[in-house]
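Which chain is which? The protein sequence lines are A and B, in order. Take 1 as the starting number for the first sequence in my numbering and just add one per residue. Take 437 as the starting number for the second sequence in my numbering and just add one per residue.
Because the hints were derived from the structure by calculation, they are not lab data. Computed from a predicted structure; not experimentally measured. Some clues are possibly wrong.
Unchecked claim - Capping the alpha-carbon separation at 25 Å, the derived lysine-lysine pairs in PhoX-like fashion look like this:
id, chain 1, residue 1, chain 2, residue 2
1, A, Lys-311, B, Lys-633
2, B, Lys-467, A, Lys-310
3, B, Lys-584, A, Lys-217
4, B, Lys-584, B, Lys-508
5, B, Lys-467, B, Lys-480
6, B, Lys-633, A, Lys-349
7, A, Lys-310, B, Lys-633
Unchecked claim - Partner residues are not named here, just some residues of chain A that face chain B (Cβ under 7 Å, in silico):
id, residue
8, Asp-66
9, Asn-70
10, Pro-75
11, Lys-217
12, Glu-218
13, Asn-221
14, Ala-224
15, His-225
16, Thr-229
17, Leu-231
18, Arg-233
19, Glu-267
20, Ala-294
21, Ser-297
22, Thr-305
23, Leu-337
All residues carry an ideal CB built from backbone N, CA and C; glycine is no exception.
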Amino acid sequence: MRVLIYIQAIHSTRSDIKEIILAHSEAIQQNIAKNSVSYIETNIQKILDETHDKHLVIAFRDKNGDIIGNVQEWPVVSSKPGKYWIDFPVDPENYVSEEENIDDSTNIMANVVVYPKGRALLVGYDLKRLEIMKHALWMALVVNATLSFLAAFMLTFLIIFMLNRHMRKLNITCTEVMQGNNTHRVKLSGADDEFERLGKNLNSMLDRNAALLDAVKESTNALAHDMRTPLSRLRIRLQGIIAKPETPVHVQEDLAESVGQIDKLAEMFQNILSIAKAESLTQTDIFGSFDIVAIISDIVDFYGTFIEDKKQELETNIPEQEIIFRGDRQLIAQAILNLLDNAVKYTPKKGHITVSVEQTDDSIICTIADSGPGIPEEFREKVKERFFRMDESRSAEGTGLGMSLVDAVAKLHRGELRLEDNNPGLRAVFVLPLKK
Amino acid sequence: MRVLVIEDDKSHAEYIVNGLKEAGHNPDLAKDGMDGLHMAMEEKYDIIIADRMLPKLDGLAIIQALRTSNNKTPVLILSSLSNVEERIKGLKAGGDDYMTKPFSFAELLARIEALLRRNTIESEHTVLTAGELEMNLITREVKRAGKKISLQNREFRLLEFLMRRPNQVVTRTMLLEGVWDFHFNPATNLIDAQMSKLRHKVDKGFQKNIIQTIRGAGYKVSVE
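Okay, chain A solo, but in the shape it has when bound (with noise of 0.2 Å):
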């Protein structure tokens, strides 16, 4: 729009111009008409002295060639008798003018009456001023344009800046919580619109999240102590027989293996409220900091014996130096042993077994790769169920878990399990984000 403006601007200024001129060469060509020709080389200075516009040009060419005028040179232009318009530059020095700063050279634009003879009468004007006002107006339209874009831009940055603001104070609160702050609530100032309201609605829930999760943390409390006190009792009182002289041996040893099946039961439920507690998230408040790899190195220490005793190969790639992670020590250590267990378990005598452990910019990535039967691409998102068997008649030793806990572990570092095919055997992949 602006644009147009300017071009309608410099447009009939241009138009302006030629009217003047034309304006004044009718009036002369009337004269040169009424008199004759040596009345305008007589006249000329008067002429321009009486139009008082500084930016006229006129002059005339006698039949010699000789100009006369307040301009000394002449512009290319056919010597057929007639009337041109032309645009030409001309020299400061060959043009007298009552600007005062004429340096630089300057166009002219002019009209020219050509008579028989090769006389001629040109009148025309000096285009500086209108380089002047095209280029006042150029730098209006330029500093216009540009104060507009900056205020816009500056509009566009405050409003984004204050989305931000707002964005950020639910944000940090979201954050908080999910790392298992879940005291913090979104500060309200006060105001009354839709963020305020938000803000009001996302401590809502929060307060309802907070009360929900310390019932679950209750009733995990009260149902332990619920399934584990007869448990107990149960256990004693087996016990008790069992260290009664008059029971027959062979009824102590029965006795010894249904208290060693009361064992089993007792940890697997500690199994399941260890995966309803990773799952629940209750378990941030109780992250330390430790040497990641040290725990690696003593579980894999630590299965040695079964490893030499199954003659299995095991390759290490773990670190020297410390990682320090954040997180749940123990459960952290369970899961890494149960995928060790894991591997130990299902490779055959001879196999192999590979632990790694690599550090990526953001994240730990323990491997435990095996030789043995592997999973079927089908069950491994399955055995991360709870209970899931891949034997239906749940006939083998073990109770399902292991797997389960594993991914509730990594879900609660906000990581995740991976199971790969190994081509032969099993890959798991354990990855855990280092905090920034």
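Following the hints, complete the assembly by docking chain B onto the known chain A.
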């Protein structure tokens, strides 16, 4: 030893008290928290076994009360809450050990002995000895009657734990917790497998077994 048992569940109380008597200890029983605290304050006990969930005053509160009045009697907490949070809470409150139900009496006994004896050989010693068995903690060399025994890292750690508690029964759980810092139950038969190898390395060919298996309980390093 004089032991105070604070337990409200009848079958547990009976079991523990009888077991302690049979083991040669001198147990007293309190059936609720308030009673328990009274008795603990009034009499001098060598050790207190307290259930976590008690009527009138719970186990943690008892310990806190004892510690505030400068009573340093070792307390073993017995609880059906097994998670790490609870364990840490119990130890922070001033408890000395923590066991979960269901439990084996042998385990309870072994841990009581550990608390009573408190004769863990401290770390300033650079050489541990048990009869003709010698362990140099700096060079990591182990010798029996002058002859070098080559041990895996895990075996060294297990033996060190046992040698720091001479003549004391050490259970598998104590080994898992003390040597590996595992407060969960991986296959404890792995400990058995490791101990079996260790015993073979230390005792084979010698008249006397320095490492002894205590049936139903655990292991111990026996020194005259």
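Against the structure, the hints:
Proposed proximity of Lys-311(A) and Lys-633(B) is supported: the alpha carbons are some 15 Å apart, at most 25 Å. Restraint check for Lys-467(B) and Lys-310(A): the C-alpha separation of about 51 Å exceeds 25 Å, so the hint is violated. Note on Lys-584(B) and Lys-217(A): the hinted pairing is violated, with a Cα-Cα distance of about 53 Å set against a maximum of 25 Å. For the given pair, Lys-584(B) sits about 43 Å from Lys-508(B) by alpha-carbon distance, which is inconsistent with the 25 Å threshold.
Taking the CA atoms of Lys-467(B) and Lys-480(B), the gap is about 18 Å. The hint holds against a cut of 25 Å. Between Lys-633(B) and Lys-349(A) the CA atoms are separated by roughly 19 Å; this keeps the pair inside 25 Å, and the hint holds. For the hint linking Lys-310(A) to Lys-633(B), the alpha-carbon distance of about 14 Å falls within 25 Å, and the restraint holds. Hint on Asp-66(A) is violated. Least Cβ distance to chain B is approximately 113 Å, over the 7 Å limit.
Here the hint on Asn-70(A) is broken, as its CB sits about 102 Å from the closest CB of chain B, past 7 Å. Interface restraint check: Pro-75(A) against chain B, minimum CB-CB distance 100 Å, threshold 7 Å, status violated. With a least beta-carbon distance of about 9 Å to chain B, the hint placing Lys-217(A) at the interface is violated under the 7 Å criterion. This hint is violated: Glu-218(A) has a C-beta 12 Å from the nearest C-beta of chain B, more than the 7 Å allowed.
The interface hint given for Asn-221(A) holds, since its Cβ lies 6 Å from the closest Cβ of chain B, which is under the 7 Å cut-off. About 6 Å separates the beta-carbon of Ala-224(A) from the nearest beta-carbon of chain B, less than 7 Å, and the hint is met. Here the hint on His-225(A) is kept, as its CB sits about 4 Å from the closest CB of chain B, short of 7 Å. The interface hint given for Thr-229(A) holds, since its Cβ lies 6 Å from the closest Cβ of chain B, which is under the 7 Å cut-off.
For the restraint placing Leu-231(A) at the interface with chain B, the shortest Cβ-Cβ distance is roughly 5 Å, inside the 7 Å limit, so the hint holds. At a threshold of 7 Å, the smallest CB-CB gap from Arg-233(A) to chain B is about 5 Å, leaving the interface hint in force. Using the Cβ-Cβ criterion of 7 Å, the hint placing Glu-267(A) at the interface with chain B is satisfied: the shortest such distance is roughly 5 Å. The closest approach between the C-beta of Ala-294(A) and any C-beta of chain B is roughly 10 Å, which is over the 7 Å cut-off, so the hint fails.
With 7 Å as the threshold, the beta carbon of Ser-297(A) stays out of range of chain B, its nearest partner Cβ sitting at about 9 Å, so the hint is violated. Proximity of Thr-305(A) to chain B holds as hinted, the smallest CB-CB distance being about 5 Å (cut-off 7 Å). Restraint check, Leu-337(A) versus chain B: the minimum CB separation of about 5 Å is within 7 Å; hint holds.
Comparing the model with each numbered hint stated earlier shows that hints 2, 3, 4, 8, 9, 10, 11, 12, 20, 21 do not hold.
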